[in-house]
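**Q** Each chain, written out:
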Amino acid sequence: DAKTTQPNSMESNEEEPVHLPCNHSTISGTDYIHWYRQLPSQGPEYVIHGLTSNVNNRMASLAIAEDRKSSTLILHRATLRDAAVYYCILSVTGNQFYFGTGTSLTVIP
Amino acid sequence: DAMVIQNPRYQVTQFGKPVTLSCSQTLNHNVMYWYQQKSSQAPKLLFHYYDKDFNNEADTPDNFQSRRPNTSFCFLDIRSPGLGDAAMYLCATSGLQGLSNQPQHFGDGTRLSIL
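Listed in order, the protein sequences are those of chains A and B.
Its first residue numbered 469, the first sequence is counted upward by one per residue in the working numbering.
Its first residue numbered 388, the second sequence is counted upward by one per residue in the working numbering.
I should point out that these hints are in silico values taken from the structure, not numbers from a laboratory.
Please note: incorrect hints may appear among the correct ones.
To be verified - Partial selection, computed: residues in chain A whose CB lies under 7 Å from chain B:
id, residue
1, 569
2, 570
3, 572
Every value quoted in this text rests on a predicted model; they were computed, and no experiment measured them.
Positions of the beta carbon are idealized from the N, C-alpha and C atoms, including for glycine.
Build out the structure end to end from the sequences listed, making use of the hints.
**A** Dropping the structure here:
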């Protein structure tokens, strides 16, 4: 299975940027990097995904290292609603997702 | 809105009594997935369907089965639930024949309790 490693938890102050790191040293050339977040008692919610180039959308930015062995999810201004578990996932051929342990983000008012 | 719907949200069954969880989708996606998520753990893929083609993960217990009668519906059957099967079960879909650049769309899950 494709593997990702993330810090177990992180804290951020409200309205400040948050950088959530992910290591995926075993990534292969065709694996996409996906980020999802999950609130309690809800299913995971799509945040962003990419292959090689950095990506931006209305929710976040994804910075991918040149060697693709790590990536960083950037929330530009954390809000209380961003408190969740963030999962970094590699989607292997067939779009099968193998979740890492995730990072629990706490946003401090 | 197009979505993935799981019913019921909470299910209680007795030890050893068969139980079926259901998932429906209005996205017309051809790939459907079932995940198991135990408390404070990440979701774990159990199996998935490309259309009617069933794909089981190697470590999914035989106690877990699935049916997909049509594009819109998929069922998870647990033949003889044990206490260790208490978990949240998540259904997800993706389109375009499961290309790995496709997001998966998740339902809000069914929380299964075993008495």
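**Q** Taking the hints in turn, state whether each one holds.
**A** Against the structure, the hints come out as follows:
1. Evaluation of the residue 569 of chain A hint against chain B yields a held restraint, the C-beta minimum of about 6 Å falling below 7 Å.
2. At about 6 Å, the closest approach between the beta carbon of residue 570 of chain A and any beta carbon in chain B falls short of 7 Å, and the interface hint on this residue holds.
3. Interface hint at residue 572 of chain A: violated, since its Cβ lies 10 Å from the closest Cβ of chain B, which is beyond the 7 Å cut-off.
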